[in-house]
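Here my numbering = 1-based position in the sequence shown + 43.
Honestly, the hints are just simulated from the structure, not real lab data. One or more of the hints may lead you astray.
[What the hints assert, rightly or not] DSS-like, lysine-lysine: derived pairs with alpha carbons at most 25 angstroms apart:
1) Lys130 <-> Lys108
2) Lys86 <-> Lys130
3) Lys86 <-> Lys119
[Claimed, not checked] Distance ranges between label pairs, derived from CB positions:
4) Arg110 <-> Gly85: 19 to 25 angstroms
5) Asp116 <-> Glu87: 26 to 32 angstroms
6) Ser127 <-> Glu87: 23 to 29 angstroms
7) Asn117 <-> Lys86: 14 to 20 angstroms
8) Ser68 <-> Arg110: 28 to 34 angstroms
9) Ser50 <-> Glu132: 21 to 27 angstroms
10) Gly58 <-> Thr101: 22 to 28 angstroms
On a predicted model such as this, the values are computed, not experimentally measured, just so you know. C-beta atoms are modelled at their ideal positions from N, C-alpha and C, and glycine is treated no differently.
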Amino acid sequence: QVQLVESGGGLVQAGGSLRLSCAASGRTFSWYTMGWFRQAPGKEREFVAAHSWSGGSTSYVDSVKGRFTISRDNAKNTVYLQMSSLKPEDTAVYYCAAGISTAQYNYWGQGTQVTVSS
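Use the sequences and the hints to build the structure in full.
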């Protein structure tokens with residue numbers, strides 16, 4: 044089992060920045076691909092970014108490329124999502140997830156709210 048706890052959400056003006064953190068406990072963190080997802084009101088949950096356990100490759104949804112950066116610190120069992128140039132359309136609940144690959148996430152956090160005002 045892996046437990047995930049997100050933090051760092053909040054209210055920010057358009058153009059601002061936030062850094063989300065996801066602290067993991069349980070099984071060996073470094074073995075897992077870590078991802079960030081988000082769900083806006085009335086919309087389906089969507090993939091935002093992922094950081095693989097093997098090789099450290101990263102991937103992003105097109106709408107956040109160049110603005111968001113995912114990183115991880117295996118010594119701290121933590122994955123981060125640095126968000127810059129935030130837009131109102133980035134408003135959502137952001138979820139951290141852990142899985143064996145980018146195609147399969149087995150564990151999810153409770154989510155943290157990000158609200159971007161115009």
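Hints versus structure:
1. Lys130 <-> Lys108: 13 angstroms, holds
2. Lys86 <-> Lys130: Measuring from Cα to Cα gives roughly 17 angstroms; hence the hint holds.
3. Lys86 <-> Lys119: 33 angstroms, violated
4. Arg110 <-> Gly85: 19 to 25 angstroms: For glycine 85 against arginine 110, whose Cβ atoms are near 23 angstroms apart, the range 19 to 25 angstroms holds.
5. Asp116 <-> Glu87: 26 to 32 angstroms: 30 angstroms, holds
6. Ser127 <-> Glu87: 23 to 29 angstroms: 25 angstroms, holds
7. Asn117 <-> Lys86: 14 to 20 angstroms: With Cβ atoms ~32 angstroms apart, the hint is violated.
8. Ser68 <-> Arg110: 28 to 34 angstroms: 29 angstroms, holds
9. Ser50 <-> Glu132: 21 to 27 angstroms: 22 angstroms, holds
10. Gly58 <-> Thr101: 22 to 28 angstroms: Holds - the Cβ-Cβ distance for glycine 58 and threonine 101, about 24 angstroms, lies within 22 to 28 angstroms.
Going through the hint list in order, the structure does not satisfy hints 3, 7.
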